[in-house]
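There are 2 protein chains.
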Amino acid sequence: MNKNNCYCVIMAGGAGTRFWPVSRVNRPKQFLDVAETGKTFIRHTYDRMLKILPQENILIVTAERYRDLVMEQIPELERHNLLLEPYARNTAPSTAYATYTLLKRNPDAHFVVMPSDYIIENEELFAKTIEGAFDYVEQNDVLLTFGVVPTRPDTNYGYAQVLGGRDALKYNEPVKVKTFTEKPDKDLAKIFLASGEFLWNAGIFLWKARTICREMEKHLPQVTGLFRGWEHALGTGVENEFITKAFSDCMNISLAYGVMEKTDMAWIYPVQFDWQDVGTWESLYNYMTERDGNGNAMSADKVLAEDSRSTLVISPEKKKLVAIKGLDDYIVVDTDDVLLICPKDDKKFKDFISQIAMPEFEKYR
Amino acid sequence: MNKNNCYCVIMAGGAGTRFWPVSRVNRPKQFLDVAETGKTFIRHTYDRMLKILPQENILIVTAERYRDLVMEQIPELERHNLLLEPYARNTAPSTAYATYTLLKRNPDAHFVVMPSDYIIENEELFAKTIEGAFDYVEQNDVLLTFGVVPTRPDTNYGYAQVLGGRDALKYNEPVKVKTFTEKPDKDLAKIFLASGEFLWNAGIFLWKARTICREMEKHLPQVTGLFRGWEHALGTGVENEFITKAFSDCMNISLAYGVMEKTDMAWIYPVQFDWQDVGTWESLYNYMTERDGNGNAMSADKVLAEDSRSTLVISPEKKKLVAIKGLDDYIVVDTDDVLLICPKDDKKFKDFISQIAMPEFEKYR
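Protein chains in written order, with the working numbering: chain A, 1 to 365; chain B, 1 to 365.
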């Protein structure tokens, strides 16, 4: 692995509401430390990559509105390594922007694309895996993704089916992907799990810049066409204008849907590092191991709980006594301007808070 | 009614936890406006009496710790009309203190004793009733209490059975009391209600100072004995010392238990004014008439409620969006330092919050 040719692109533009009301449009999950680890998600992601690559080779793509948050949390990031999206257009245009930026800097660039909001416990194993993957794509012209052996029929993840069935699956040996399925329903997820030939797609991609460029131009010409002239525009005084025009005209499309599900070059790397998408209140509850005798996980100055089970209490300011009685399987989140009490189930939560899209709740979004 | 002989003693020493966490040891219910009427309970009580009596004739008895709260809320109260209890000894010693104070000022004093934490909607009818009662005790040597015709088998009230059964009961005609029963259980309360010969005891008493003095000396000599020498001590430079000694040595006993249940001079005045003891979260909920379509009564900056019924939400600072889903018959109270979520039922609430007596919760009491 020639580290000079290896880059990382951290995707940090998302504005999810899944940790509302702790996460807000103005401070989404990647800039928070909901799991109370001592660092925000994006800082973890950046530090994790700093152990593998030179700082100069780590880029962050985010929305213009999050520029200040990124600079506050990653103050050492050099300005030319921060790619700002003028409009939210999902991951395919962001990846195109990053791909052309790297190609201009180094035509032999390989790079890993990763979300900014995951928890990975075993960072050494993670580093080893990523290094192995860089070596692999140096030798092999593939679009590599990373797969985690599923342990439950989770409906919040994407699944990748490997070619050759369960016998083809070996840790640390990339295998060709047969199909991708995003967030299946429960029944399908159970079938996937039972078959033994599916992996959770960790949402991390690794490839040569040239390879992903070619595949995007093949499957998403309507996106890459907008970047025509990149060789002259990127890294110059007209970059802003060029990118604003390209994103303005661009469709909203994900890399998974636009490229990975269509290409015949997708391979998956079955990994062993402990990857966790703590992406919902329910998954945060599952992640929090400190519980009382009734399975309540609570973060507050002081807690008094009675007749309550499997309930997650989050009072981020930690100034309060939270006294609860008779709550089974709830989330209670208490911020300065919102108090949320809701069943913990992801779907119920999501349905419920979809209502904050109504104009009357604007100031609480 | 000769107003110069008529006085009022407002009892404001209680330190209940029934509106915890809005009420605290340092600011109990009488100094709050939990029902959001625009005035605190004690201010309402004082203003209501100001319509009947000269300001000079209205006294307040409270604990020393509440002196500043009283002076803040009733700034016009003259210092000699504020009787401070050095120790909490329940209502019998407070009444003794007030009785001897008034006897010293005016041996012909009649006075009404009333709690400081009730809601009375029809103040004109209330004034008429009190005036009628002053006239009655001027003519009749009785210990008069006030009775409200019960409308439900409430177990939070005291009941008075009238002599002569249901036929003896006529509005505005005092009738002799046969028995008093404090807070009966549900079955007994149902029997009381069905019999038609019981009234809710409104906790307001009216009498000649001389009459209550005589009855206290008869039934509670262990209390009145401690006030021996009152003629010389009260209203002088030694009053403080005298009262501190008397209260220090005194037993804790209520007027209802120590005198009213034992005397044969108790009469009750069946009244029609709209008296409400808003004394628990459940009764506050019943009092609040503004509800959403599912019977939720909510006081917050903004509310989003789904799958929730008959729930009371109180966010006194009114700075928050309160978003609740799946709560039936709960109370949610959100103060600066406590968040309470609990079934609304009085008994469940009381049992639950009895735990804040534990040392670890001291700062939240």
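In short, the hints are calculated from the structure, not lab data. Among the clues, some could well be false.
A pair counts as met if it fits within one copy or between any two copies, since identical chains are not told apart.
List of simulated lysine-lysine pairs, DSSO-like, C-alpha gap at most 27 Å [said to hold, decoys possible]:
no., residue 1, residue 2
1, K178, K190
2, K344, K318
3, K178, K51
4, K186, K344
5, K318, K302
A quick look at each hint next to the structure:
1. K178 <-> K190: within (18 Å within a copy, 73 Å between copies)
2. K344 <-> K318: both (21 Å within a copy, 26 Å between copies)
3. K178 <-> K51: neither (33 Å within a copy, 87 Å between copies)
4. K186 <-> K344: The answer is within: 17 Å in one copy meets 27 Å, while 37 Å across copies does not.
5. K318 <-> K302: both (8 Å within a copy, 23 Å between copies)
Violated hint for the displayed structure: number 3, the only one.
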